[in-house]
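Visitor: Sequence:
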Amino acid sequence: MAYSALSGIRPQDEDAEYSSYFEWLDGDWKKIDIYDASQDGGTVVTRFNSGRRMKPDFMPTKIKRVDPNSPRTPMLDVERFPSCFLVCKEFKDIVEEFEPGVHQFFPMEIFESGDKIADYYLFNICTRLDTLHPELTFPRDDRGFLRPVKGKPFARVFATAAIGDHHIYVDKFLGGTLMSNAIGERLKQANLTGLKLSGPLKEA
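In the numbering used here, the protein residues as written are 1 to 204.
Hint data in this document are derived by calculation from the structure and do not stem from the laboratory. Among the hints, a few may not be true.
Label pairs and their calculated CB-CB ranges [what the hints assert, rightly or not]:
1) ALA162 - LYS116: 40 to 46 angstroms
2) ASP119 - GLN189: 34 to 40 angstroms
3) PRO134 - GLY175: 28 to 34 angstroms
4) GLU90 - SER19: 29 to 35 angstroms
5) LYS150 - PRO74: 37 to 43 angstroms
6) GLY175 - TYR21: 19 to 25 angstroms
Nothing here was measured: the structure is a model prediction, and the numbers come from that model. C-beta atoms are modelled at their ideal positions from N, C-alpha and C, and glycine is treated no differently.
Using the sequences provided together with the hints, build the complete structure.
Guide: Next comes the structure, spelled out in C-alpha cells:
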C-alpha cells in the first residue's frame, strides 16, 4: 500500500489565528538549481519538490521563524517551506533508516526573535517515478495523466511493481509526496506533529 503526505498541518484543537512562516537569513533562494532539469513527459520538473537532486550552491543555512500569534505556537516536527518539507532530526533518522543516502537533507538553523530555537533539515525527495497502475487507473489522457470526468467512474490505483523497493518518492503524473506502507506506518508510530498521512491508498 502507499500513503500521500502533507506537512505543516497544525492540530485542529490549537488556538492559533494565524499561520507561522519562515524567511531565509542567508543563501540565495532564487539561484538554487537542480542537477537534471530535463522534462520527462510528466508534471513540469521545477527546482523544488520534483524528485530531482538539488545543487547545494546558494542553499540557505539559517531561517527565521515568524509567528504572528500571541502566545506563540509551538514549532511543528514537520513544517513546510517552500514546496519542501522542513523536518526535525527524528524524521530524518527514520527516512535514512529506510533509504540511507537516497534523499537530501540540508541543515537549517532556525531562529525566532533573534534567538536560535532549533536545528532542522530541508528535506528534498530525490526519487521520481511513474507508479500509477497502467490498466487499473482510469481515465488517463494520451500523456498518462488521470483525467476524471464528473459523474463518471474513475480509479487511481498504484502499481506495486512500479513502487518496488522505494519508500519515498514523487510520482511524475501526480506530484506531491508519496510513501510506502512500511515507512508510512513507521512515521505514524513516531507521532510527529505537522505530518498528515492519507491512506493507505489502493495498490495492486
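Visitor: Against each hint, give a clear statement of whether it holds in the structure.
Guide: Hints and how they fare:
no., hint, result
1, ALA162 - LYS116: 40 to 46 angstroms, "holds, 43 angstroms"
2, ASP119 - GLN189: 34 to 40 angstroms, "violated, 23 angstroms"
3, PRO134 - GLY175: 28 to 34 angstroms, "violated, 19 angstroms"
4, GLU90 - SER19: 29 to 35 angstroms, "violated, 23 angstroms"
5, LYS150 - PRO74: 37 to 43 angstroms, "holds, 41 angstroms"
6, GLY175 - TYR21: 19 to 25 angstroms, "holds, 22 angstroms"
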